[in-house]
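A.B. asks: Listed below, chain by chain, are the residues.
Number of protein chains: 4
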Amino acid sequence: MGVVIINFKAYREGSGKRALELAKIADDVAGRCDDYIAIAVTSLDLAEIVKEVSIDVFAQHVDAVDFGSHTGRINAEMIKEKGAKGSLVNHSERRLRLADIEHIVSKLRELSLTSVVCTNNVATTAAASALKPDYVAVEPPELIGTGIPVSKAEPEVVENSVKAAKNVNPEVKVLCGAGITCHEDYVAALDLGAEGVLLASGIVKAKDRKAALEELVGLR
Amino acid sequence: MGVVIINFKAYREGSGKRALELAKIADDVAGRCDDYIAIAVTSLDLAEIVKEVSIDVFAQHVDAVDFGSHTGRINAEMIKEKGAKGSLVNHSERRLRLADIEHIVSKLRELSLTSVVCTNNVATTAAASALKPDYVAVEPPELIGTGIPVSKAEPEVVENSVKAAKNVNPEVKVLCGAGITCHEDYVAALDLGAEGVLLASGIVKAKDRKAALEELVGLR
Amino acid sequence: MGVVIINFKAYREGSGKRALELAKIADDVAGRCDDYIAIAVTSLDLAEIVKEVSIDVFAQHVDAVDFGSHTGRINAEMIKEKGAKGSLVNHSERRLRLADIEHIVSKLRELSLTSVVCTNNVATTAAASALKPDYVAVEPPELIGTGIPVSKAEPEVVENSVKAAKNVNPEVKVLCGAGITCHEDYVAALDLGAEGVLLASGIVKAKDRKAALEELVGLR
Amino acid sequence: MGVVIINFKAYREGSGKRALELAKIADDVAGRCDDYIAIAVTSLDLAEIVKEVSIDVFAQHVDAVDFGSHTGRINAEMIKEKGAKGSLVNHSERRLRLADIEHIVSKLRELSLTSVVCTNNVATTAAASALKPDYVAVEPPELIGTGIPVSKAEPEVVENSVKAAKNVNPEVKVLCGAGITCHEDYVAALDLGAEGVLLASGIVKAKDRKAALEELVGLR
Chain A
1 MGVVIINFKA
11 YREGSGKRAL
21 ELAKIADDVA
31 GRCDDYIAIA
41 VTSLDLAEIV
51 KEVSIDVFAQ
61 HVDAVDFGSH
71 TGRINAEMIK
81 EKGAKGSLVN
91 HSERRLRLAD
101 IEHIVSKLRE
111 LSLTSVVCTN
121 NVATTAAASA
131 LKPDYVAVEP
141 PELIGTGIPV
151 SKAEPEVVEN
161 SVKAAKNVNP
171 EVKVLCGAGI
181 TCHEDYVAAL
191 DLGAEGVLLA
201 SGIVKAKDRK
211 AALEELVGLR
Chain B
1 MGVVIINFKA
11 YREGSGKRAL
21 ELAKIADDVA
31 GRCDDYIAIA
41 VTSLDLAEIV
51 KEVSIDVFAQ
61 HVDAVDFGSH
71 TGRINAEMIK
81 EKGAKGSLVN
91 HSERRLRLAD
101 IEHIVSKLRE
111 LSLTSVVCTN
121 NVATTAAASA
131 LKPDYVAVEP
141 PELIGTGIPV
151 SKAEPEVVEN
161 SVKAAKNVNP
171 EVKVLCGAGI
181 TCHEDYVAAL
191 DLGAEGVLLA
201 SGIVKAKDRK
211 AALEELVGLR
Chain C
1 MGVVIINFKA
11 YREGSGKRAL
21 ELAKIADDVA
31 GRCDDYIAIA
41 VTSLDLAEIV
51 KEVSIDVFAQ
61 HVDAVDFGSH
71 TGRINAEMIK
81 EKGAKGSLVN
91 HSERRLRLAD
101 IEHIVSKLRE
111 LSLTSVVCTN
121 NVATTAAASA
131 LKPDYVAVEP
141 PELIGTGIPV
151 SKAEPEVVEN
161 SVKAAKNVNP
171 EVKVLCGAGI
181 TCHEDYVAAL
191 DLGAEGVLLA
201 SGIVKAKDRK
211 AALEELVGLR
Chain D
1 MGVVIINFKA
11 YREGSGKRAL
21 ELAKIADDVA
31 GRCDDYIAIA
41 VTSLDLAEIV
51 KEVSIDVFAQ
61 HVDAVDFGSH
71 TGRINAEMIK
81 EKGAKGSLVN
91 HSERRLRLAD
101 IEHIVSKLRE
111 LSLTSVVCTN
121 NVATTAAASA
131 LKPDYVAVEP
141 PELIGTGIPV
151 SKAEPEVVEN
161 SVKAAKNVNP
171 EVKVLCGAGI
181 TCHEDYVAAL
191 DLGAEGVLLA
201 SGIVKAKDRK
211 AALEELVGLR
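Protein chains in written order, with the working numbering: chain A, 1 to 220; chain B, 1 to 220; chain C, 1 to 220; chain D, 1 to 220.
Think of the hints as simulated: they come from the structure by calculation, not from any bench. Wrong hints could be hidden among the right ones.
Identical copies go unnamed one by one, so any copy, or any two together, can satisfy a pair.
Here are the simulated PhoX-like cross-link-like pairs (lysine-lysine), alpha carbons at most 25 Å apart as the crow flies [what the hints assert, rightly or not]:
(1) Lys205 <-> Lys80
(2) Lys152 <-> Lys163
(3) Lys51 <-> Lys210
(4) Lys205 <-> Lys107
(5) Lys205 <-> Lys24
(6) Lys107 <-> Lys17
(7) Lys24 <-> Lys210
Just chain A, with the same shape it has in the complex (with noise of 0.2 Å):
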């Protein structure tokens, strides 16, 4: 069916040991359904994740940086080398410049690797689209981590976001995010046309981990 990233944030339950555990359900249910499951984990865990899974695996974030003199930054070469899929890019947690946003969606373009851009609204979706990453991922800041998912609360925060996106940037993926926990949510992230879902707390932090994400695959 449609898209499911899971970042994983800087949560207890989505770094170190429990992350990896994580991963490994998530490989686990996505060889058991027809939607493409992928992850972001934390720049500690992202080398020992991917290669414990076949899923794909996405870094949080990179930063806007060429190799060089730059303590305590990581750039998209360095995430490549490690095997990662690609990064999101702006998330609602880590805010960046547009020049840095279009220095590292067009970085990541050129290394072939897979761009997902935070938007949290119409008008910032527009204006990611038009630096052609591969993935816009709408959420607005009010509903993150609330559990009211946008795709019910503000659904035509969905379908404007993707006809602006697709407006400026035909080629451009929609997902929608915050809010979303289980498979009604999805269902009606995909019907108001995004591809998919970017998700976190709901299934990060969910007491049955693998029940939670089974459930929003429609495995349950």
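Following the hints, complete the assembly by docking chains B, C and D onto the known chain A.
C.D. replies: Positioned in the frame of chain A, the structure of chains B, C and D alone reads:
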């Protein structure tokens, strides 16, 4: 003919008493030519300069905040009360996050203030245009302050920026900046499809600022 | 008695015409009490307010830049030319990098302007004191804007900040902020060893601002 | 003798496979000399390198966040789980806000991890020392990457930093960085009262990295 916006930056020659002097020079020259001349001044100088000249006065920056607990910040409402015409947004020396650019452009529009969003290349010009500002001003960072005019050194950047901007938003007006100092550069910019220029050191730091501005607009 | 610095922030009631009104109230009250009353206003309002009152006027922030290509920035030299007494530095709503705090404090000292470095706990108060500012103002962030006075809720923070500051730099003066609204809180702060208070909403957003300030300094 | 921390930065030669190679070189040299040799690597490389070497491995940066909704961030707990010894903090290429430096240093201390706070001059060294980190590493920014050793070009910066640091906090250890490439520079640093050096390009980008490190610690 075209649009000339003079950015006073934080130059010694562009602040305090010397800012007021230059504002009056610009005001005088504006009255003697067919060009639209406006100035962008520091927040400290804005209120006084607005009172002393009849040309439009822009802020160089406003913060993406509403009224509230934001020590050290100024917003669009405040510059409107002082009589500003609008604001530069996202200058290369004051790069902003995409979500903040959108916030500021929307707020300026609501308040009937003019937005001039600065960009660094064709892709970011397209992205900024999607936010529906009044102007985008493309300035390749490598040329800023060099005296090498973008309209000559990289004419394709100007042409392609105009195309990309209009393609995304037919109503946006395109300025070009970086390295513009003389009438010839200005005319070249207009010939490439720009509606005008954003410039700084070529006028602000000129030995004879009145002569420099007169030359720019073809009065000499 | 002590020092009272009123931070106008970016409050609607603290900018534009209402800022000037409040500045005049503070000026009037200052003439009728033994306390040192100063105000910290937005960069847009600073120049005009300095001309209209005789009390000391501070900037809320200056950038760590010299004169030059720094669009949208203001520096210490500029506020001096406008007649400011000094500047707040590193307010909790405008946190700065350590190297920039040092740059700004040194520059203010060179220009014989007064620096008030805001800090959030005992350790950062000690650190800031090592930079030899005129004042450190400790404000536990969790109390800012609450009306719960630090001098009562966390008296040990004030006492220990005074000790830590004097230990590192015997000449530094310590203010305390966060939640201060009335005379009793102010006196409590002085009793704990502070030289005064930095406050904002309690005065700026009070229904009767003159009455609130008179009450603060014990005139009511 | 002293302490040698090698900062791999985001150099091409300091990341991925070449980082692992260099880590093993450092591990080997450490076993053959009396100096304490440690390395600071990118977050992407950290977990793997920790497993492959017995010398201490530092992160180059951790964010001032706890576990939670902080996409693209890593914290002190995470690097501890990966086996890091500690972290550089506030490197000149990753300058932090004072409150964040304090947050990170305190968190590292709680977790029994080692903190190395970088500073740029005598005043910021004193300030950082007040936060009670394990080390402060003073690096005049104008010398970083130049090959001009601070221990020779500005010996008084090193001496005065040691004095200022010990004055504020007798237990803090002082490193010096910037321009250190050879044994002579290293010895000069120790003679000036530093406990060791923080260095980068002189080793990481050397043609023969093993030879360069051996020379540094006097094995050649």
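A.B. asks: Of the numbered hints stated earlier in the document, which are not met by this structure?
C.D. replies: none
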